[in-house]
Amino acid sequence: MGASTRPKLAVFKFSSCDGCQLALLSLEDELLELAGAVEIAYFLEARSQTLPPPYDVALVEGSITTAEDSKRIQEIRQQAKLLVTIGACATAGGIQALRNWKDVDEFTRAVYATPAYIETLKQSTPISAHVPVDFELNGCPVNKAQLLEVLTALLLGRAPHLPAHSVCVECKRRGTVCVAVAQGIACLGPLTHAGCGAICPAFNRGCFGCFGPMESPNADALLAHLEESGHAAAELVRLTRGFTGFAEAFRTASEKWEKRP
Amino acid sequence: MAPSLPRVGARLTLAKSSLEQVFANLRAAGFTLIGPRLRDAALVLEEVTGLNDLPRGWRDQQAPGQYRVVPGQDSFYFDHLVGPHSWKQFLHPARLKLFGAAKNNGTWSFQSATAPPPRYAFIGVRACDLAAIARQDRVFLAGEFRDPHYAARRESLFLLAVNCGRAAPTCFCRSLQTGPRVTGGFDLALTELADVFVLEVGSEAGAEMLRETAWQPATALHASRAEEAVRQTESQIERELRTDDLPKLLYDNLEHPRWDEVARRCLACGNCTLVCPTCFCTTVEDASNLAGTRVERTRLWDSCFTLDFSHVHGGNSRPTLRARYRQWLTHKLASWKDQFGALGCVGCGRCITWCPVGIELTEEVKAIREKAA
Ligand code: SF4
Ligand code: SF4
Ligand code: SF4
Chain A
501 MGASTRPKLA
511 VFKFSSCDGC
521 QLALLSLEDE
531 LLELAGAVEI
541 AYFLEARSQT
551 LPPPYDVALV
561 EGSITTAEDS
571 KRIQEIRQQA
581 KLLVTIGACA
591 TAGGIQALRN
601 WKDVDEFTRA
611 VYATPAYIET
621 LKQSTPISAH
631 VPVDFELNGC
641 PVNKAQLLEV
651 LTALLLGRAP
661 HLPAHSVCVE
671 CKRRGTVCVA
681 VAQGIACLGP
691 LTHAGCGAIC
701 PAFNRGCFGC
711 FGPMESPNAD
721 ALLAHLEESG
731 HAAAELVRLT
741 RGFTGFAEAF
751 RTASEKWEKR
761 P
Chain B
79 MAPSLPRVGA
89 RLTLAKSSLE
99 QVFANLRAAG
109 FTLIGPRLRD
119 AALVLEEVTG
129 LNDLPRGWRD
139 QQAPGQYRVV
149 PGQDSFYFDH
159 LVGPHSWKQF
169 LHPARLKLFG
179 AAKNNGTWSF
189 QSATAPPPRY
199 AFIGVRACDL
209 AAIARQDRVF
219 LAGEFRDPHY
229 AARRESLFLL
239 AVNCGRAAPT
249 CFCRSLQTGP
259 RVTGGFDLAL
269 TELADVFVLE
279 VGSEAGAEML
289 RETAWQPATA
299 LHASRAEEAV
309 RQTESQIERE
319 LRTDDLPKLL
329 YDNLEHPRWD
339 EVARRCLACG
349 NCTLVCPTCF
359 CTTVEDASNL
369 AGTRVERTRL
379 WDSCFTLDFS
389 HVHGGNSRPT
399 LRARYRQWLT
409 HKLASWKDQF
419 GALGCVGCGR
429 CITWCPVGIE
439 LTEEVKAIRE
449 KAA
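Protein chains in written order, with our numbering: chain A, 501 to 761; chain B, 79 to 451.
The hints are simulated quantities; they were obtained by calculation from the structure and are not laboratory data. The model shown is predicted, which means the values in this text are computed figures rather than measured ones. By construction, the Cβ of each residue, glycine as well, lies at the ideal position given by its N, Cα and C atoms. Honestly, I wouldn't trust all of these hints.
Lysine-lysine pairs mimicking DSS-like chemistry, simulated, CA-CA at most 30 Å apart [claimed, not checked]: (1) Lys-415/B - Lys-444/B; (2) Lys-175/B - Lys-644/A; (3) Lys-644/A - Lys-513/A; (4) Lys-581/A - Lys-644/A; (5) Lys-181/B - Lys-644/A; (6) Lys-449/B - Lys-326/B.
Across the chosen pairs, the derived CB separations fall in these ranges [said to hold, decoys possible]: (7) Arg-320/B - Ala-724/A: 27 to 33 Å; (8) Pro-194/B - Thr-566/A: 42 to 48 Å; (9) Asp-330/B - Ala-724/A: 29 to 35 Å; (10) Ala-645/A - Pro-335/B: 39 to 45 Å; (11) Phe-223/B - Ala-645/A: 28 to 34 Å; (12) Arg-577/A - Thr-192/B: 54 to 60 Å; (13) Glu-290/B - Glu-715/A: 52 to 58 Å; (14) Gly-697/A - Leu-299/B: 51 to 57 Å; (15) Thr-505/A - Thr-110/B: 47 to 53 Å; (16) Ser-95/B - Ala-724/A: 32 to 38 Å; (17) Thr-505/A - Gly-419/B: 40 to 46 Å; (18) Arg-577/A - Ala-401/B: 50 to 56 Å; (19) Asp-518/A - Thr-110/B: 30 to 36 Å.
Just a sample of chain A residues kept apart from chain B, beta carbon distances all over 12 Å, derived [what the hints assert, rightly or not]: (20) Thr-550; (21) Lys-622; (22) Asp-634; (23) Cys-687; (24) Ser-716; (25) Gly-742.
Using the sequences and the hints, build the whole thing.
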């Protein structure tokens, strides 16, 4: 069996909900094909047997929230030829990055019976704040077709095709009526990286921005327009401070609107 | 019942309920009918099977960056105007699989992926949209390179046009002489009055679809009421785009400060290009299985507002928002003319209504003209 010739894939988890790893498992049809094409060397959620490093590709889920994490990611970087972050937590700090604007000690005291047992960093940060990342895959969770596209591209030695334009392009391609224009819903789609297929607007919801900022986000322009159309500054802070709120374009926007009188 | 079919060019009156028979005739002739329907708070273009599918009694309210569906005139089927969709969705689909290939025993075999398209009958095409189809004809059919996918859909197309009975504040077809009156290029054209349709027969195919309907030659009164309705619409149109100094005005003002100003408001979201019925740009996406033994190529709508669009070897030729907005406007209203012999705008107003921040191309041109170089 050609175990040694197949590229070794490893999947690591940090602070996250496991949803992106589940996206990998939910590939179903392609999973067997994938297991044939790569050696799944480390993937605790799927397989208890592990193989030692080095790894050809490391998929990393989750954000860095403990001192221990920040050491472990350095080791993983050393062990992996290519490091790909998967999902909003690994790529932007995730929903848990909401703490970055609050006092974490206060949370620990409020939530845990023995706060002394809790060791945590003040901020939840993306992997790229700690080590160089070769490729970032957005989404909360990642889109499984995009995940497969990245793995296929890496296996075949070509660039993955993951457009960074707005979600609006995806709305229009699928014929969705714009919820912002037709219903006055505050939608983050014009600022948000494509990739989900514009799911939320197709269900009459505004985009939550879970794929992070698009390639050239003009947050000031959209938020100023929304404010003019009657959306309160506090609502705009909530809108931009979501699953990828710590990503730079959203972070600067929410901090700016937070200071509005 | 009229004994025979009307001749081409005839003006008729038709009871509104008789449109059902026209639809039935079209279906019997093998057409898939596409028309306006109320869905998701908008009047969209989708398959319709009968008169009941049409949004009778509903109309749209449009403004820059805003669209609402509100009650209209009760007995009217076509009280609405152009909406979020345009006919290019059907003639030039947003996503089209071009071909696939598979590798077996070391040899590649190719399969064409395009099934024969349906024969479409478009119900309720406005004058501006007829003009938009004619512009896309120039792009896809007239030049050296014909687009076979567009051609296949276009050649079998049946067009039932409608004269607009009202105009939106976003409409400016009058400036471009594309509307509101339908003047040609249709199979049937109707004007809706409160009680009847006044119909104009534009082709043999159009006449044929009036079989078994109770059409009558239009009375002078009906004909003049129909005329008056379109005249009224014409006089409602307030938005204006001066075209006499185009394309020169834009070519002379490529460094105008207004480009910087609009770049501060524009999101580069691409909505304007995608709702525009004349914009035609596409990209191709190749996909493969993990082993690289099955591949397929898909064509997708693209937009000059995306960074990939102007990414070339070594960098991006339009890295700034300013450069991308300028590309859009100067292509529509200047270089399109050099390329295809007409402007790339028909005045439908979609880019104004469906821009999430309400940028109005008519106002941008005006601002450039005010302080022109
Ligand atoms: S619904 Fe949101 S994402 Fe879709 S086109 Fe409108 S603004 Fe863009
Ligand atoms: S540029 Fe705007 S107004 Fe002109 S045809 Fe396109 S969408 Fe309509
Ligand atoms: S003009 Fe409006 S619709 Fe067009 S890219 Fe800019 S913000 Fe989007």
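Hints versus structure:
1. Lys-415/B - Lys-444/B: With a Cα-Cα distance of about 19 Å, the restraint between Lys-415/B and Lys-444/B holds, given a limit of 30 Å.
2. Lys-175/B - Lys-644/A: Given that 30 Å is the threshold and the Cα spacing comes to 20 Å, the pair holds.
3. Lys-644/A - Lys-513/A: Status holds; Cα separation ~17 Å.
4. Lys-581/A - Lys-644/A: holds (22 Å)
5. Lys-181/B - Lys-644/A: It holds: about 25 Å lies between the C-alpha atoms, which stays within 30 Å.
6. Lys-449/B - Lys-326/B: holds (14 Å)
7. Arg-320/B - Ala-724/A: 27 to 33 Å: The hint (27 to 33 Å, Cβ to Cβ) holds, given that Arg-320/B and Ala-724/A are roughly 29 Å apart.
8. Pro-194/B - Thr-566/A: 42 to 48 Å: For Pro-194/B and Thr-566/A the Cβ distance comes to about 60 Å; the hint is violated.
9. Asp-330/B - Ala-724/A: 29 to 35 Å: This hint holds: roughly 31 Å between Cβ atoms.
10. Ala-645/A - Pro-335/B: 39 to 45 Å: Given a distance of about 44 Å, which is inside 39 to 45 Å, the answer is holds.
11. Phe-223/B - Ala-645/A: 28 to 34 Å: holds (32 Å)
12. Arg-577/A - Thr-192/B: 54 to 60 Å: violated (46 Å)
13. Glu-290/B - Glu-715/A: 52 to 58 Å: Holds, since Glu-290/B and Glu-715/A (Cβ atoms, about 56 Å apart) stay within the stated range.
14. Gly-697/A - Leu-299/B: 51 to 57 Å: holds (54 Å)
15. Thr-505/A - Thr-110/B: 47 to 53 Å: holds (52 Å)
16. Ser-95/B - Ala-724/A: 32 to 38 Å: Check failed, 50 Å falls outside 32 to 38 Å.
17. Thr-505/A - Gly-419/B: 40 to 46 Å: violated (59 Å)
18. Arg-577/A - Ala-401/B: 50 to 56 Å: Roughly 37 Å apart at Cβ, these two residues miss the hinted range, so it is violated.
19. Asp-518/A - Thr-110/B: 30 to 36 Å: violated (45 Å)
20. Thr-550: For Thr-550/A, whose nearest Cβ neighbour in chain B is about 23 Å away, the distance exceeds 12 Å, so it holds.
21. Lys-622: Non-interface label stands for Lys-622/A: nearest chain B Cβ at 33 Å, farther than 12 Å.
22. Asp-634: Check passes; 19 Å lies beyond 12 Å.
23. Cys-687: violated (7 Å)
24. Ser-716: violated (5 Å)
25. Gly-742: holds (18 Å)
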